[in-house]
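> Listed here are the chains, written in short residue letters.
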Amino acid sequence: MTKFPSSDQDYFSLFKIPNDFEVDLAAVRETYLSFQRAFHPDQFTASSESEQLAALQSSSLLNDAYETISSPIKRAAYLLGLSGVDVEQTSQNDLGMELLVEQMELRELLGALPGGERGLEELEALQVEVEKKVASCQSDFGVAFAKKDLQLSKRLYHKLQFLFKLTAEITEDEERRLGLG
Amino acid sequence: MALLQIQEPGIKPHHREQKFAVGIDLGTTNSLVAAKVGSVVETLPSKDGDHLLQSIVHYGDGAVTVGREARDFLVEDNKNTIGSVKRLLGKSQAEIRGFGYHLPYELDSQFPDGDPAIVTRHGSVRPTQVSAEILSVLKERAEEFSGQEVDGAVITVPAYFNDAQRQQTKDAAELAGLRVLRLLNEPTAAAVAYGLDAGAEGNVIVFDLGGGTFDVSLLSLRNGVFQVLATGGDTNLGGDDIDRLLMEWIRKRTGFSRDIDEKALVSLNLLSNSIKHRLSLEENAEYAFNNFTGVITRHDLKVLCKIPLKKMVAVCSKVLRDANVKISDVKEVVMVGGSTRMPAVRETVADFFEMPPLVSYDPDKVVAIGAGIQAEVLVGNRTSDEGLLLDVTPLSLGLETMGELVEKIIPRNTTIPVTRAQDFTTYRDGQTALSIHIVQGERELVSDCRSLGRFELRGIPPMVAGLAKVRVSFQVDADGLLSVSAEEVSTGVKAEIAVKPSYGLQASAVEEMLKSSRENAVKDMESRSLNEARVDAERLMEVVDAALLEDPDLIDSRELSVIQSKRELLTELLRVGSSAEIKKVTEDLNLASTNFANRRMDAQISKTLHGESIDSVVSE
Chain A
1 MTKFPSSDQD YFSLFKIPND FEVDLAAVRE TYLSFQRAFH PDQFTASSES EQLAALQSSS
61 LLNDAYETIS SPIKRAAYLL GLSGVDVEQT SQNDLGMELL VEQMELRELL GALPGGERGL
121 EELEALQVEV EKKVASCQSD FGVAFAKKDL QLSKRLYHKL QFLFKLTAEI TEDEERRLGL
181 G
Chain B
1 MALLQIQEPG IKPHHREQKF AVGIDLGTTN SLVAAKVGSV VETLPSKDGD HLLQSIVHYG
61 DGAVTVGREA RDFLVEDNKN TIGSVKRLLG KSQAEIRGFG YHLPYELDSQ FPDGDPAIVT
121 RHGSVRPTQV SAEILSVLKE RAEEFSGQEV DGAVITVPAY FNDAQRQQTK DAAELAGLRV
181 LRLLNEPTAA AVAYGLDAGA EGNVIVFDLG GGTFDVSLLS LRNGVFQVLA TGGDTNLGGD
241 DIDRLLMEWI RKRTGFSRDI DEKALVSLNL LSNSIKHRLS LEENAEYAFN NFTGVITRHD
301 LKVLCKIPLK KMVAVCSKVL RDANVKISDV KEVVMVGGST RMPAVRETVA DFFEMPPLVS
361 YDPDKVVAIG AGIQAEVLVG NRTSDEGLLL DVTPLSLGLE TMGELVEKII PRNTTIPVTR
421 AQDFTTYRDG QTALSIHIVQ GERELVSDCR SLGRFELRGI PPMVAGLAKV RVSFQVDADG
481 LLSVSAEEVS TGVKAEIAVK PSYGLQASAV EEMLKSSREN AVKDMESRSL NEARVDAERL
541 MEVVDAALLE DPDLIDSREL SVIQSKRELL TELLRVGSSA EIKKVTEDLN LASTNFANRR
601 MDAQISKTLH GESIDSVVSE
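Going line by line, the protein sequences match chains A and B.
With my numbering, the residue at position 150 of the first sequence is 150, and numbering never jumps.
With my numbering, the residue at position 587 of the second sequence is 587, and numbering never jumps.
If you are wondering where the hints come from, they were derived from the structure by calculation, not from laboratory data.
This structure is a prediction, so every number in the text was calculated from the model and none was measured.
From the three backbone atoms N, C-alpha and C, an ideal C-beta is built for every residue, glycine too.
Hints are not guaranteed to be accurate.
Simulated DEER-style distance windows between Cβ atoms [to be verified]:
1) A/Glu30 / B/Lys252: 37 to 47 Å
2) A/Leu99 / B/Val313: 52 to 62 Å
3) A/Glu129 / B/Met355: 50 to 60 Å
4) A/Ala26 / B/Ser124: 51 to 61 Å
5) B/Arg68 / A/Glu122: 26 to 36 Å
6) A/Glu122 / B/Asp259: 17 to 27 Å
7) A/Thr2 / B/Val303: 33 to 43 Å
8) A/Glu105 / B/Leu107: 31 to 41 Å
Derived SDA-like pairs: lysine to any residue, alpha-carbon spacing no greater than 20 Å straight-line [claimed, not checked]:
9) A/Lys74 / B/Lys311
10) B/Lys310 / A/Glu30
11) B/Lys170 / A/Gln52
12) A/Lys165 / B/Lys408
13) B/Lys408 / A/Gly179
14) B/Lys311 / A/Arg177
15) A/Lys165 / B/Pro104
16) B/Lys494 / A/Gln57
17) B/Lys326 / A/Ser47
18) B/Lys408 / A/Phe4
19) B/Lys19 / A/Lys74
20) B/Lys326 / A/Thr171
21) B/Lys494 / A/Leu53
22) A/Lys165 / B/Lys19
23) B/Lys311 / A/Gln52
24) B/Lys326 / A/Glu175
25) B/Lys408 / A/Ser47
26) B/Lys79 / B/Lys306
27) B/Lys170 / B/Ala200
28) B/Lys306 / A/Gln52
29) B/Lys326 / A/Lys74
30) B/Lys469 / A/Lys165
31) B/Lys326 / A/Glu174
32) B/Lys408 / A/Leu53
33) B/Lys311 / A/Glu174
34) A/Lys74 / B/Lys408
35) A/Lys74 / B/Thr414
36) B/Lys47 / B/Asp115
37) B/Lys170 / A/Ala46
38) B/Lys311 / A/Lys165
39) B/Lys326 / A/Glu121
40) B/Lys408 / A/Glu67
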């Protein structure tokens, strides 16, 4: 009988890495793939029904864990969750006026771009700017979380969330302008 | 044929425990079966030496024939000869009628539940039955070839097939007496055949243009792991469409009117198909039809195909963007499917990816061979250390929430298998059942997505709205098939279904929905906002109505008249108002009833303080 990974452990223990925001993604990927090689349902097509079910569950768990850890925003939310911070419960005060104003200004920039292909160049410039902000916000989050400053971490998480949403909107806008369906 | 396989001395004769597994490419135009022959996996020929079996089924006076013999009846017995049945899998009658082109056979409009069935002299047959005929021939071919029974099969499907199409493919295989080891996406199968052969590493695009479907997948190949990073496509784009464009072109030049008779139409189709093939070999093709002769060049055909080619490029571009991979990071482009023989397609692909596509593999066989290799792994004849496949869901899966909105539970391009759960709650006091409607697609409104199934969770204990916690879990297995279960968390009441296609909605093809999803993003946002405003308004009205009914003595007449007038206005706006108007009046009504609500709260607290338990207050 194969010993499948337990779903009780958190994703960081599953991949045998410390609960830090900074992770070695290449190493995590290797671990993930070696686990998938061992537990993927394809390995159990001739096994008992209960083993097949366990393989399906383990493989799903691994996919979820890998996706969570490899995405900065999901990883940040997950780490906060492990530290007992509920990111769903957020008040205006958690965000801070400064953050809200900055986000509104960025959105206004996006809204004010000329339409169609004419605005593409400026859109790309905005994208680069937002990407820089994402990078610096991620590194700030890493520092704050390492210092166990959960309040600041939570605020930076929400900032990151805004920035990712904005990135997604910029991408969608760009695809519309390029006529990609 | 098995007798001709000579064993080398010293090598063990056929192992008793070695199972016989096959890979089947069930194509729109041609189907193939592949299995291990000696030490390599190859496609198996028929007695006549043909590897390709034409996916055409003829329901004759006595027997059912498949393949080339069936093709001979396309003209003289078109009503009983069914080609391209793969296009019908998982579709409703209404969707098929909406294809926008003529089908030579008749659909049974009386068939129950709107399921499609084709009228033949053998009675009405479902697309799954027609597909099963093709699969049976391939199964027999494999068994005659090897002298062994087939223990299991890997059947390929376009990556872009939705849940209904996958389910029906599996049903067809089971109908043909095949044990399905796995449904495998066609581009992934091609990548397996290519990757294992070339030992390639890096990002590989598989460009698969078949007779009826178009798929593009981007895979990362590393250390024997084939991970699909993103997939895209169009389940209604293929060589058949090019035939139809060509038919229309010739029809116009040969003086036939639009209502050309059916037999001439079929001959015209065959002619177009053969011209297309000739133009893959030569620069010009002469043709003769209806006493008219003419010449068409390769260039003419490329111009004719402008729109389909543009669609293909758009899909490639989208796949790269979805995976966040640049053209310069693509190491190889593998061409799959007979239609990639067209020079126009090759040139377009080469221009877009800035490199010549790899055409050294037989584009017709590579998918079946990849499926055969994976079948060997899955049946246990070889270890999967040599190849681990991690595929993705092609389309987002979600649930209908209030206001006919879709809540996405599993976004497209998520690695499978995957399990995701989401909690929902009741929105009426005392609600004991929750209806769950599963949809697939990228759009925000339920009516624009494909409905996959509905079920109901009953037996939720009556509670105040918002207290019950219903956890809905979606599970997509390694075949890409979905099952859904729901559970009320506090009581453990459960319900689940394996999703079978439901044809409740007359939606057009899913890929069209996907395409229009971006075009319609703005419109969706407006209707989403309107729906949300309506839901909020209705909810508030319900709460206010219930409160007025329960505590009429806690409100004075002036307050009551303000509340009533706002409520009337809101009722009217629900029919004709914009989302902004509805939101504003909802807020007005909310403010107008705030004092009343506070008095009710006070009254309830004092009731509780007078000895009633909190439970009985809350569950009122």
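> All the hints need checking, so say for each whether the structure fits it.
These are the hints, each one checked on the structure:
1. A/Glu30 / B/Lys252: 37 to 47 Å: Once the Cβ atoms are compared, 60 Å apart, the range 37 to 47 Å for lysine 252 of chain B and glutamate 30 of chain A is violated.
2. A/Leu99 / B/Val313: 52 to 62 Å: Violated - the Cβ-Cβ distance for leucine 99 of chain A and valine 313 of chain B, about 40 Å, lies outside 52 to 62 Å.
3. A/Glu129 / B/Met355: 50 to 60 Å: Distance hint for glutamate 129 of chain A, methionine 355 of chain B is violated at roughly 32 Å.
4. A/Ala26 / B/Ser124: 51 to 61 Å: holds (57 Å)
5. B/Arg68 / A/Glu122: 26 to 36 Å: violated (59 Å)
6. A/Glu122 / B/Asp259: 17 to 27 Å: Given about 53 Å between the Cβ atoms, the range is violated.
7. A/Thr2 / B/Val303: 33 to 43 Å: For threonine 2 of chain A and valine 303 of chain B the Cβ distance comes to about 59 Å; the hint is violated.
8. A/Glu105 / B/Leu107: 31 to 41 Å: About 58 Å separates the Cβ atoms of glutamate 105 of chain A and leucine 107 of chain B, which means 31 to 41 Å is violated.
9. A/Lys74 / B/Lys311: violated (34 Å)
10. B/Lys310 / A/Glu30: Cα-Cα ~39 Å, so violated.
11. B/Lys170 / A/Gln52: holds (19 Å)
12. A/Lys165 / B/Lys408: holds (16 Å)
13. B/Lys408 / A/Gly179: violated (24 Å)
14. B/Lys311 / A/Arg177: holds (16 Å)
15. A/Lys165 / B/Pro104: This hinted pair is violated, its Cα atoms lying about 49 Å apart.
16. B/Lys494 / A/Gln57: Status holds; Cα separation ~19 Å.
17. B/Lys326 / A/Ser47: Violated, because 41 Å separates the two Cα atoms, which is more than 20 Å.
18. B/Lys408 / A/Phe4: violated (29 Å)
19. B/Lys19 / A/Lys74: violated (44 Å)
20. B/Lys326 / A/Thr171: Answer holds: lysine 326 of chain B to threonine 171 of chain A is near 15 Å, not above 20 Å.
21. B/Lys494 / A/Leu53: Cα-Cα ~19 Å, so holds.
22. A/Lys165 / B/Lys19: violated (51 Å)
23. B/Lys311 / A/Gln52: Violated, because 40 Å separates the two Cα atoms, which is more than 20 Å.
24. B/Lys326 / A/Glu175: Holds - the C-alpha atoms of glutamate 175 of chain A and lysine 326 of chain B are around 15 Å apart, at most 20 Å.
25. B/Lys408 / A/Ser47: violated (33 Å)
26. B/Lys79 / B/Lys306: violated (32 Å)
27. B/Lys170 / B/Ala200: This hinted pair is violated, its Cα atoms lying about 31 Å apart.
28. B/Lys306 / A/Gln52: violated (48 Å)
29. B/Lys326 / A/Lys74: violated (24 Å)
30. B/Lys469 / A/Lys165: violated (28 Å)
31. B/Lys326 / A/Glu174: Holds, at about 16 Å.
32. B/Lys408 / A/Leu53: Violated - the C-alpha atoms of leucine 53 of chain A and lysine 408 of chain B are around 25 Å apart, more than 20 Å.
33. B/Lys311 / A/Glu174: Holds. Lysine 311 of chain B to glutamate 174 of chain A sits at ~18 Å (cutoff 20 Å).
34. A/Lys74 / B/Lys408: holds (17 Å)
35. A/Lys74 / B/Thr414: Satisfied, since the Cα-Cα distance of roughly 14 Å is no more than 20 Å.
36. B/Lys47 / B/Asp115: violated (36 Å)
37. B/Lys170 / A/Ala46: Answer holds: lysine 170 of chain B to alanine 46 of chain A is near 19 Å, not above 20 Å.
38. B/Lys311 / A/Lys165: Violated, because 28 Å separates the two Cα atoms, which is more than 20 Å.
39. B/Lys326 / A/Glu121: holds (18 Å)
40. B/Lys408 / A/Glu67: The given pair, whose Cα atoms are some 17 Å apart, holds under the 20 Å limit.
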